[in-house]
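Chemist: Residue numbers (the working numbering), protein chains in the order written: chain R, 16 to 446; chain B, 3 to 257; chain A, 181 to 595; chain H, 246 to 561.
Keep in mind the hints are simulated off the structure, nothing from the lab. Where a beta carbon is used, it is the ideal one built from N, C-alpha and C, also for glycine. Hints should not be assumed to be uniformly reliable.
[As the list claims (entries may be wrong)] Among the chain H residues that face chain R by a calculated CB cut under 10 Å, a handful are: (1) 341; (2) 537; (3) 549.
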Amino acid sequence: MSQKTDMKIPALPSDKRSSFLARFGIWIVAAIVLAGLPYVFSSGLAVSTMCMMGTMIIFALSYNMLLGQTGLLSFGHAVFFGLGGFLTAWAMNAVAGTSSPVPLFLFPIMGGFTGLVFGIIFGAVSTKRSGTAFAMITLGIAELVSSSALILRHFFGGEEGITLDRTDMVQVLGLSFGPQIQVYYLIAVWCLISVAAMYAITCTPFGRICNAVRDNPERVRFIGYNTQTVRFMAFSLSGLFAGIGGGLAAINFEIMNSAQMGVGESGAVILMTYIGGIGNFAGPIIGAIVVTYLQLMLSDVTDVWQLYFGLLFIGMVMYAPRGLAGLLALQQPLLQTRQLHHVAPYYILALLPGLVAISGLSMVIEMTYQLAVKTAAGPAMVFFYIPFNANSPLPWIIAVILFAVGTWLFLRAARLAGDAYSQALAWRKLP
Amino acid sequence: MTQTKTPVPALRLSGLEKSFGPMKIIRGIDLDIPAGERHAVIGPNGAGKSTLFHLISGHYQPSGGSVRLHGDDITGIPPQLIARRGLSRSFQVTNLFPQLTVWENVRCATLWALGHKYSFWRNVERLADARQRTEEILREINLIERWNMPAGVLAYAEQRALEIGLAIASNANTLLLDEPMAGMSHGETEHMVELIRKVSENRTLLMIEHDMGVVFDLADRISVLVYGEVIASDTPERIKANASVQQAYLGTEVA
Amino acid sequence: MKKLVASTVLALSVIGASVVPAAADNIKIGYVDPLSGGAASIGQIGLNQLNFIADTANKNGGINGEQVEVIGYDNQINPQTSLVQVQKAIDEGVRIIIQGNGSSVGSAIEGFVAKYNRRNPDAHIVYLNYGAIDPVMTNDNCSYWHFGFDANTNVKMAALTNFIKQRAEIKKVYLINQDYSFGHAVADTAVSMLKEKRPDIEIVGNEFHPLVKITDFSPYIAKIKASGADTVITSNWGQDFSLLIKAAGQSGLDVNWYTYYAGAAGGPTAIKQADMAGRVFQINEGISNLGYEPAENTAREYGARYKDAPVLFPRIFNTTAMLFKAIEAAGSQDPADFIPKLEGMKYASFSAGGDSFMRKDDHQLFQPLYISSFGPLASDKAFDEEHTGWGWNKVGEIAAKDTVVPTTCKMKRPG
Amino acid sequence: MFEILFISTINGVLYGMLLFLMASGLTVIFSMMGVLNLAHASFYMLGAFFGFEITLHMGFWAGLVFAPLIVAGIGMVVERYGLRHVHRHGHVAELLFTFGLTFVIQEVVEMVWGKLPVDYRVPASLDFSAFTVFATTYPAFKIFALLVSVVIFLALLMVIRRTRIGLIVQAALSHPDMVGMLGHNVDRVFMLVFGVGVALAAVAGVIAGPVLVTQSNMAGLLGPILFVVVVVGGLGSLGGAFVASLLIGLVQTYAVAFNISLADVFGSSPLSGDVAFYLDDLWNVTVAQVAPILPYLLLVLILIFRPRGLMGTNNR
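Isolated chain R, as found in the complex:
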């Protein structure tokens, strides 16, 4: 295969094993980061939050196997997360107290197995169709499962759910898994394994055919593949990983509840995945981290955090359909050619009026909220440490001006930044 290589051809892909470091470097770095995180963020809250993020990363990535990789929009993914969690909880309760030698860190396998089994069952039904019909079937299945969960009170534990005690398992290496930090490392290890496995799947013939199905399902049939089989496999595998995530959630919270497989949870995973970016493998990871963080923390800052959330989501759908990861990926060519410093000032230029516009908008929102909902507290309020009276016209005028001027300047600056960006790209193309 030694043709004369044309100078103009970018180096072709090779089928040789790349060096150890190139293949595993990123995973080693990830492992080191995961190991070190609890030393940086050591409070109980931080560790709990990171545990939740870990399970959500697996969940969101598994969802992206459908949405981002195969182009399937499902409204019922939490079903697998929840069922995986419940079966894990039951398995642990069955083993608890007995002398059965199954250590805690193997139990997520039960969750994964459950997710896979139900993925196969529901996948056989739903993947016969694609597009809107598929979305509607998943919606129907999700409703059926969450309704059954309330009817099957003994299995799903009714309203209070199933509780478990992770410390009742046989102890290996002296790990009781009582302290949250030990659970953190358990989740970190499983998260790393699952992420690596899901990444590996994207690099297989099956993974690439999934992408082809996403892009053009009709064409795939003419290159020999059954699109229904591809969808079915993707659905089952994503059920497997969602189940692992659910199992870890059960271990982490030591409680499984039917709300965990409801519409809300399915909606949350859509938000995470999309905000993070469906076109990029790392997107859902970023999304899971950011959205989990916002869900937990934003509510401390404002009572109407869901409004900001909805606006953020709509903004992403409209202006950044590739998500946060997509925005970052746009900078990659600049970084490679060391052009970023030409564009970065424009970003800052756009960021400042953008922040002004947002503070104007959120001022309007918060003042409306103060007057409409928190009437009991009176019109006196504090915004950004500045106390004022929401009844007087002045803050309203300021807010509107901030918003209008900020938006106007932002749009102008954004255009400049866009120009700078394309210019920087153009420089790259010059010899």
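With chain R's structure known, arrange chains B, A and H on it following the hints.
Modeler: Just chains B, A and H now, kept in the frame of chain R:
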């Protein structure tokens, strides 16, 4: 794929029919295409040429008649099964995987025939056979320089070439090309003719084409489709001379 | 993107702020209930009341001279989020958790707190539950670190059936409840207790319908009508209650309604719209029009401050009053010290000063319960509900001792 | 028995027509634009709240006219500055856009009208009982809702069969590509169609508001039942949605009337041991208990066995 002349034709259509509601689009076509032949289907717009391709490749279910590929009945079976039997096709309207790179496009099309199927345990980058085959095809269709571009951003003529690449990637022995020259400039057409000539060596080729120069240049035999019926099927010279063809279709266009 | 940066900065600054320790000896109460989303209207009322109580206490010099500080944590009525919020509260030095909306959340917190205290022997976190009334919490799943201040399902049903026992005109009872554990618990105890106390009553229907999935209750009303019932017992809440009552009003169903949650948000409005004066009864730990001076003064003061939502939950006042009493008696705000004082505590309830006691065996409060009906108020009663002009009128009172039910709790005490 | 059947039929028809009232706009939007508007119930809620607010100041009938107009205006703005922008990113992006819209609308409603139910009453002119059957009274307002629903159905049928826009809708149904050939007008037609669709939702809101509970979570609580209606009927088919609404209304109402469980039919559970303990709940559940879940079962079954729905013409 050595082409030993066998009495079994590569493709045999017998009494093939297709109706949409009351409309009969294809009205009983009988046609044999021997292995290794380059066969062109011509005919006026609305004659049912693309419908015929859809029937052969499994996109549509025939209303009547049968399709045989190397003697095996493939009537009405799904497209992927037909593709696996070695019949591959391109589309009149560009029909690629726009977000995937040129390289990925072609490689996806090679995978089934190389036996990798739905494998989700092997790293696709390390499949030497797929890599090799993909590179071969990209050199053959002259897109090697563009290998890492998303297919969606290619120039039109390049996308048409990639269409051909997808069609031949599975190493199919029977190739259906639906208007490969549509919308191309003169120079681009010449390249495409050379490409088709090259890829149809050792293959059976059935193509739809409007450009008569191309048709008479490439085809061993030509079938004329008018209102869902084959009114003539013969060598280019005889077709040119055929009075009913001239009357029904070619008119004075043929020089 | 920009928005995200902004909110992250905001959120980070809040975390940063929380690192700064507040005055170390404040009595910190972590209120973990919904403060955003649909259920927030109820959660916010609870927070308002705690703030009101804390301000009152601080004005009078605090508890043991220490200031009371209430911190709200939004759990979005999700059990898992609740646990993270409890963790957050613990990080911020809170050792008293108060929660009351949703038994799913309550059970999750009860289990979490018990495990947390076991695994961290130095930490003593107490969970004061003012409203999650799944009986499991003070029975099979009872915990030393949990106290239930609202009458649980069984207790309420015991009281309700004691009331029904004396009403001879009740002959045919229809049960309609939401199809989940709570609804089933209510229905099951209703069946068994009615059978025991009034064997002559015929239970003509025992219906379950899916939770918040019904838009049109008229088929159920048709069934109740066909059964010939004169009384309906329901534990429905929220939309399921409002729609049920409105559908009954529209089709002219002539029965009396005994309910758990007619007084919850939206209930009074629906009853008024259905024009069912005097037909809807509720059982709870107190209403506004009992004519008990201290309670009415508090209610007036509170109503003046929170004009928009003057709803009062006596159970929250009971909770905090008993908590403060215990802290004062123990001279310590460490739960390990004041829990023994809370156990078995005798107390005059907020609503009308009736005798109440906290049972030591299962940490369940027993208090006088009131049956009241909703309709136009007598001229001497001042408090209406949801601006309807109608209010709750007392029709019966069950003393604490008549509400006692056995428990299956086997309390594990530390040490 | 006859009594309960008769009453159930009336109740089923009334409920079915209410469903159709709510779902008609959804099917109009889908048939023309190919967008399944997940925020449809949110516009329905907006209709109810605007209806309530206008009723307070100008009376119910003004609300019935103006609330849908206001909501139509909001809808057109949303289409013009939001949905159209997203259109080029494909159907998934459109679905997600409307999904995000549900959050925003709910929060805005909460901010303006609070989280507690508002006291939205049946107008005095319709607050009497229309007739009484078997001692069950039927309020005139419900009959009014039924009439409005039928009128809307007939009017939409007329528009689709007789007018130019109707022709475009029909063309869009059978040949989605053809719509593009109609030139620059399509944008305006889309905007109009979206406006009309959400206005129909608002009409449903104004009428259903007094009957049901007008509250900021009413959109969420309505749940995905409207999607069941349009999908079961056949995506984009108005007649199908009409039939499906009636079917679902009747199925649900009849099911409530029957207290039959598997245990009643087949005797006590064949299972034993631990499995029985957990699954007996399912064995003992009655048809009446699961009545509101039946539509979802219907949805899944229809999509598997008759993907184009009861009366759908295509199955995109």
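Chemist: Please go over all the hints and tell whether each is borne out by the structure.
Modeler: Comparing the hints with the structure gives:
Against a cut-off of 10 Å between C-beta atoms, the interface hint on residue 341 of chain H holds, since the closest Cβ of chain R lies about 5 Å away. Annotation: residue 537 of chain H was flagged as interfacial toward chain R, and the flag holds, the nearest CB pair being 8 Å apart, inside 10 Å. Given the 10 Å rule on beta carbons, the hint for residue 549 of chain H holds: about 6 Å separates it from the nearest Cβ of chain R.
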